[in-house]
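Take these sequences, add in the hints, and give me the full structure.
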Amino acid sequence: MPSYLTFRILKGLFVVVLISVLTFIVMRLMPGDPVYLLLGDGQIPITDEQIAAIRAKWGLDRPLPEQYLVWAANLLRGDFGESLIRAGVPVRDMIFEAIPVTALLNVYALGLAILVALPMGIAAAVRRNTWVDYTTNIVSALGIATPNFWLALMLIVVFALQLRWLPPFGLRSWQGFILPVVVMATEEMAVLMRITRGAVLELLPQDFVRTARSKGLSERRVLYRHVVANALLPVVTVIGFRVAFILSGTIIVETVFALPGIGRLFVDSVLRLDYQVVQSLVVVFAVLVVFVNLITDFLYALVDPRIRIS
Amino acid sequence: MSDGKRTNLIDRTISRRQFLKYSVYSAAGVYVGVNGLAWAQGASGGEIVWMGHQEVAGLGPNDIGADVHAAVIFNVLNPLVHVNHVTETEMVLAREVEVAADGLTYTFHLHQDVRFHDGSEFTADDVKYTYEFYAQPGNTVASRFIGMREVEVVDRYTARVHMDSVNAAFLRVAGEVPIVPAAYHASVGDDGFRTAPIGTGAFTVASWRPAESTVLAAFPGHFRGAPLVDTLRLDVVPEPSVRTIALLTGDADGTVWPLSTEDNIDFMDDPDFRVVATNWNSPRHIPLNTRLPQLSDKRVRQAMMFALDRQRIVDDLESGFGTVATSHLAPHNPFYNPNVPLYPYDPERAKSLLDEAGWTVGSDGIRVKDGMRLSFTCTTISGDQTRRPMAELAQIFLREVGVEMQLAEAPVASILEGLRQGTLEASLFNWTMGSTTDPSPTSTLLSNGGDNFTGFANEEMDRLIQEGLNVVDPAARMPIYARTQELFAEEVPALLLHFNQGVLVFSNRMKGLPEVITSSTPLFYRGNEYSKG
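These protein sequence lines map, in sequence, to chains A and B.
Taking this note's numbering, the leading residue of the first sequence gets 4, the next gets one more, and so forth.
Taking this note's numbering, the leading residue of the second sequence gets 730, the next gets one more, and so forth.
Simulated from the structure, these hints should not be mistaken for laboratory data.
Careful, some of the hints might be misleading.
[Claimed, not checked] Not everything, but these chain B residues come out facing chain A in the computed CB check (under 8 Å):
no., residue
1, GLU784
2, PRO866
3, THR869
4, SER872
5, ARG938
6, GLU968
7, PRO969
8, VAL971
9, LEU1136
10, PRO1140
[Unchecked claim] Away from chain B, derived, C-beta distances all over 10 Å, residues of chain A:
no., residue
11, LEU115
12, LEU121
13, ALA144
14, LEU268
15, TYR303
All C-beta atoms in this analysis are idealised placements derived from N, C-alpha and C, irrespective of residue type, glycine included.
Below, the structure is given as structure tokens:
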């Protein structure tokens, strides 16, 4: 077990270093120059002396390998550097300000999705080909097919504009979380519903379920103790995958609802060629994904006794 | 009060009932006193909320370039002068400016007894420190100080700027750089100042969450009197339709960045809102790389101007919110010259000009000359849903006279770099040509201008630009810039489309907007004058 763990950690570290190098290269290959963006819109003349001074200030005049090594060495010491655009603000502060917003959104959305999707998925499987199943399938198909952007705007129109129950944007109160969480949970819910239904349907005809029934266990006990417990495995898989998609999955919701989360920070930083922020964010997420994958593998073993880590 | 009736107040006991009565009287007295004073000053209290589309990345003088930043910064920091909402030069911290006849000195007489938010007094030393600090090349506003040698502190309330060379734009360009308190700025550095600024403005920074909102609190010691509201907030709301809804729900009172055209039209019919439509300072235009052989002949460029039905672009794609451009300077610019060669929609004239230039129609309908096709690529900004359709319509018009304009997309940073390096053939945007701050096209039309995206090189234009910069008197500058506009119209380094109207919407809950407005961004610099009704 320790050797397996060491191997996985080393492998993870290699992945993180590789990703950091690739991100550094990709950002430098991107067309454009952040200095020109920093200097503004061109209504005021820009001098070469100004451009050179700004490059020197941010170390952008140094050779690329040196820029990478300086950045990586600082990163190892926990210094993420400073944003090119938000000068004076450490990148670490920017990331740690944005992470809680995105993390809370995802935790709430996932929680809501699980709360709704598991019972509905189970009910659909148990009452297959009844109205319960058909309704669940329709709801699930709608959830997957509805674009986040459209759903978000529709919810804002109904609950903020028409009913005036909830704020149209922002997180100035806890009510601000409701609409974005519902939007994010909708798609998640639809996917989880289908996965749960499929998993339960697959397990219901299995021998161990028949055995459980033949032992005289109540149907409820068979379902929850033997079927649902085993059906959780794909749910854990989905949750594990979800972490990898946090960045992309929240961008639209964070933009529409004006939430200062990590997805918006990432897109804004890419568009403004804010090298330090993009590189640091990618490394943070690489570490997170590697870590969560590791945890997910161990959780498999916990949830499914058939899997043993060796 | 006689001695016989004198009462020892300390020893005197009062009943609970009396205590309550006096407490209520006292509280009422304080309330009436405070609110009466506020009422007398016209104060309404409350909060005004504006919305921007992008984060407020910094709060220092180096950040004033973007409208959303400026809307916050100029309420915290004051400059010596402003170019205001009717494009006039307005005194702010300076009460008077004397410009020497030779244009080499500017003497600023400052308001006295002006305090920074930390209580320190604003003096000429702060002007000297600010101008000399931000004139250093590492600053984004450094080029505003071109030609400045030093600032002399004549006395506590008089600062004199000495120039090495005449820069006619200096007053309106450098004068807008806000003043920082020398001692505080020196102690925290510019990066520190950008995150926690102290100024003489009507508001102090209460909280700054760049991607979410910036909250400003009223500064009662402001030299023009306390603001009428308690707080001013700028929320970052990237999605235009959500900004619209927030105005309708009352979650916001105004928007610094425009809404969709359809929403603007709806608001025009709504009596609860005021729609402020002003022509932008810069026209939408297609800068052409005049170094390319197929675009180097001005007859080809003139032909393209005749080929474009620009009024249709305004009507179809801007819902009529725009004015066809005849000059690179906007009609509200004091230096605007209406008497320049015009280009009405005339495809036949375009065809004959192209024939005259030797371009004949090829088998596929695109003109050719010496084996070269009359073709170029216009690169628009990735995801720019507003201007991309204009490029598509222009493409159709040009195709009708035998000019092929292919379309591509790229991020704004790569477009700027490509244009500056001359590797891009054309683009479409509207933030460079023309400015109401100064009519000089130094950066865009001078042959070695930093933003000469078209590679335009014309001796007469260079001479006029240099001449214009050496003349300070506006009346004497007028004929110079009248000629630069004529030259632009003759040479057509860029295809001018139209001045779109910047349409901003304000709720009538926000009181105090000026009646006449020709430039909308400076409206946001006057946060202290607005109240909440």
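- [ ] Could you check if B:PRO969 really has its C-beta closer than 8 Å to a C-beta on chain A?
- [x] violated (11 Å)
TODO: Go through the hint on B:LEU1136 and say holds or violated, using the shortest Cβ distance to chain A against 8 Å.
DONE: At about 17 Å, which exceeds the 8 Å cut-off, the nearest Cβ of chain A leaves the hint on B:LEU1136 violated.
Task: Agreement of hint B:PRO1140 with chain A interface, Cβ distance less than 8 Å - done: At 6 Å from the nearest chain A Cβ, B:PRO1140 passes the 8 Å test, so the hint holds.
Task: Minimum Cβ-Cβ distance from A:TYR303 to chain B exceeds 10 Å - done: holds (37 Å)
TODO: Measuring Cβ to Cβ, find out whether A:LEU268 lies farther than 10 Å from everything in chain B.
DONE: Violated: least Cβ distance 7 Å, not greater than 10 Å.
Open item on the list: Min Cβ distance, B:PRO866 to chain A: is it shorter than 8 Å?
Closed with: holds (4 Å)
TODO: Over 10 Å to the closest beta carbon of chain B is the bar; see if A:LEU115 clears it.
DONE: holds (22 Å)
Task: Supplied contact hint for B:THR869, tested at 8 Å Cβ to chain A - done: This hint holds: B:THR869 lies near chain A, its Cβ roughly 5 Å from the closest one there, short of 8 Å.
Task: Residue hint B:GLU784, partner chain A, criterion CB-CB below 8 Å - done: holds (7 Å)
Open item on the list: Checking hints one by one. Is B:ARG938 an interface residue toward chain A, by the C-beta closer than 8 Å rule?
Closed with: Where the cut-off is 8 Å and the nearest Cβ of chain A is about 6 Å from B:ARG938, the hint holds.
Task: Hinted contact B:VAL971 with chain A - closest CB pair below 8 Å - done: This interface hint holds because 5 Å falls under the 8 Å limit.
TODO: Over 10 Å to the closest beta carbon of chain B is the bar; see if A:ALA144 clears it.
DONE: Fine: 26 Å to the nearest Cβ keeps A:ALA144 off the interface.
When held up to the earlier numbered hints, the structure conflicts with 7, 9 and 14 and fits the remainder.
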